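A.B. asks: Next come the chains, spelled out residue by residue.
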Amino acid sequence: MTTLLEVTGLTTKVSGFTILNGLDLSVEEQELRVLLGPNGAGKTTLIAMITGQFKPFSGTIRFAGQDITGWAPDAIFQTGISRKFQVPNMYETLSVFDNVMVSLRGRRRVFATLFQVLRAAERDRIWDILEFVGLADKANDPADTLSHGERQWLELGMLIASDPKLLLLDEPTTGMTESDKHRTAELIHEIAKSHTVLLVEHDMHIVRQIGKRVTVLHQGQRLAEGPLAEVMSNELVRQVYLGKGKFQ
Amino acid sequence: MMLQSIMTQFLSGFSVVAILVIAAIGLAIVFGVAGVINMAHGEFIMVGAYTAAVVGKLGGNTFLAMPVAFVVVGLLGLVIERGIVQWIYDRPLETLLATWGVGIILQTVMKLIFGPELYYAGAPKILNGGFHLIGRLPFPYYRLFLIIVAVLMLGLVFFVIFKTDFGLKVRAVRRNRAISGCLGIDTARVDMMIFVFGSGLAGVAGAVLAPIKSVSTTMGFPYAVDSFMVLVLGGVGNLWGVLAGGAVIGEAETVLSFIFNNVIGQLLVFLFIVIIIRIVPRGIFGYYERR
Amino acid sequence: MVRDKAGKPAGKRRRSIRRAPLFPFWAVIGGAALVASIGAYPYYSTNIYVLTLVGKFLCYAIFALSIDLIWGFTGILSLGQAVYFGLGAYMVALSLKLNYALTHPTRFGNKIPDFMEWNSLTQVPGFMTPLYSTPVAIAAALVVPTLFALLFGAITFKRHIYGVYCAVITLAESLILQNFIIEYQAYTGGFNGITDYSNYVGPSFLWFILAVTVFFVIVARVLTHSRVGTVLKSIRDNDLRAEFMGYNVANYRIFVFCVSAFMAAAAGGMYAAWVGIISFLNVGPIFSIEGVIWTAVGGRGTLIGPVIGAFLVKGAEAFLSDRLADWWQIIVGALFILVVLVMRDGIVGTAMEWVQRRRRGSYRQILADADRAAHDLQMDWRTEGAPRSGEEVR
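Protein chains in written order, with this note's numbering: chain S, 11 to 258; chain R, 539 to 829; chain Z, 28 to 421.
Everything labelled a hint here was simulated from the structure, so no lab data went into it. For clarity, every value in this text was computed on a predicted model and none was experimentally measured. Just so it is clear, CB atoms sit at the ideal spot from N, CA and C, and this is done for glycine as well. There could be a bad hint or two in this list.
Claimed, not checked - Derived lysine-lysine pairs resembling PhoX-like cross-links, with alpha carbons at most 25 Å apart:
#, chain 1, residue 1, chain 2, residue 2
1, Z, Lys341, Z, Lys83
2, R, Lys649, Z, Lys341
3, Z, Lys185, S, Lys23
4, S, Lys65, S, Lys175
5, Z, Lys185, S, Lys65
6, R, Lys595, R, Lys707
Unchecked claim - Some chain S residues near chain Z, calculated using beta-carbon distances under 7 Å:
#, residue
7, Phe67
8, Gln88
9, Tyr101
10, Val120
11, Leu124
Bound conformation, chain S alone:
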């Protein structure tokens, strides 16, 4: 298994706060890695850095052998990384179908999209994705009429459409009901069969349902890494989660 994503010594400071502190992390191809950690550990910041939202203070990020540190978000997308935000982010007035359509991997430049026509194969693909996430009935509805769970699924569908090599999912089940969460976990499990997924989650039920390998972050550094059972029985991890431990 080759290493798809490799983060080395990543450090970020925001308003004087050091959020990531020399973080090392690597994700193999076809892996489903779960990222755990208490609030403020830097999980969302790590995802933000990988996708180019901020430039790091120091450190490197390598993806598929390429150094993508400091690249712009749209360039990083082209290399094959797609990000799901914590709060569902989609195009509110566009229909569900259009939301997915506009996310399809393909031409992105202004003059390329000028006379772009939707091909039949692409159309089928969109319908397949909509059926996969269970939104085919609502294809014509504007995105702002969806329920919260459906919005999460729509964004998931948009990510699938973008055909990434690596999916960064930032707490995709926040605000969902139990049954919806279960369903989402199944979807992610299915997606992980053909993509590499880095999943940030808080809900341990979900993690237990689909997580195999787990990385725990704390105060911007990697605290522990390994199979789920092993990490959860780690004394240091327990202390950190229960609030008694300080890293080093």
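We have chain S; now place chains R and Z onto it with these hints.
C.D. replies: This is chains R and Z only, laid out in the frame that chain S set:
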């Protein structure tokens, strides 16, 4: 010789800085807290100036006009906030348009009341005359007065924001609106009060700026645009922003207008601002913007 | 635009989306009728005053259309769109004035524009001589503002300066250009503007303006109906999501801003040729914001709305402002407030909303649909005591 002239312009520029700070501070606190820009800000200043003119006619002077204008324009701001602005805080661009409409109405109403002639609000006699700064530069006392007023206004806002209960709530809402609401702070009331406070400050600005030129219904717009640029350059959410923006723009405009002419000076300052915000998109002292 | 399918039974999934056609039947018919009635105007009326107004309004309509492209579809509020209109107008006006001066020399015999002579110029400045040639002037009127827009876009959009900040900067830009034009009166006619040149009022030029208007409406429709249009709308709705989905948001903004500037410049050029007077007022913030209000009143994001809005507001002004004097301004101000608080989709937007609701069916129909869908899921969505469909429903 040229250098000395520039130096004297620089010193006289302090009063321009003062004018900018006085004009912008009301706008700054509303934009900083509630995130809305009041396009009628210029007209609020204008109403304050007319108030000063009326007070003058009734026998008062500028010192009296200041608190009167504060109350008058503050009440005006209350009416507008309750009637219009409170419904559109979540749509800042549209607040621009709605308050522009308010501005048009204010201008026309004032014209209907006072007629299109120019009014004059004189400075208090005690402030007439001036002294000589560095040899040949005449420095009117009134300009010195303006500098003092600017400092006092900054001080007043500082006091309110940092030393009162109300100011504490304002800062909390500024930091994190949602959590403040959860903690029991009536954020809608804070917005309203800050809008009224900002309006009142605009009124004071009008009263104090009235003696500089003549009072007319269209006098407000240039002040409004200047205030916008002060905010854009200096950044919002921070009192230093108003001072920094005002200082840079005031001095740059004075010196450059002296070297070239007024219009080129304006253009150069504008270009300068555009360059600066390319580097710091939210202004010199703006909140750290994560992009 | 995607329409809803009313009354589709749940469980039977048909893989089709209905999109509005590029040129809906009603739009083609209605548009043709409108164009015909305007075009025929010179034949059934000899009222020069109204004829002049119609030509002006068409130019205003294109101006409003250009604002709709950037504001209604891409979410960029520019309070300085008149800069491009005015630059186009001044190029054309200067050219016409220069040529006019050749055949109408001043009192002192100089073949230069009067305002140049008043400012002690004895000959036309070198950088203006290319404007003698009409093709060059037209090209300059179109290209120079577009390049200006490109420069502006590259400076601001590449740094993600948008929203309120962008609005304020465009406002300042417009004001500064206005002051520039007033100041350098030797070259621009200053406060008085450029007047007294041969302009082209007449049926053939009206048809030309009409043709250009139709052209731009079609171009705007094709653009917004295409994939680019969908991307622009997605940028308007959520530029963060668009950027992280691989779209270079800055480039798209620059693109649409340039297209819009081109349109505004064309409108300005035609306006100068038609009306015969232009001044700093056509360049400043007041005119820019007027354009925004026509777009808002008509309905932003609808293309036809701004056209209607321009005609309505300016038409009302032409007929009411004399009688109402200052009260007209109060109405205009109230219009701004109204369009933001109450009629947010504008006239055409509200009308389209109404039509769509009629298509989806009445309230009763919506309840019936919801009941059916809920029945399939074996859920009851109603709270206790709520009316069931079939009962009296308001």
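A.B. asks: What are the numbers of the hints that this structure violates, sorted from low to high?
C.D. replies: 6, 7
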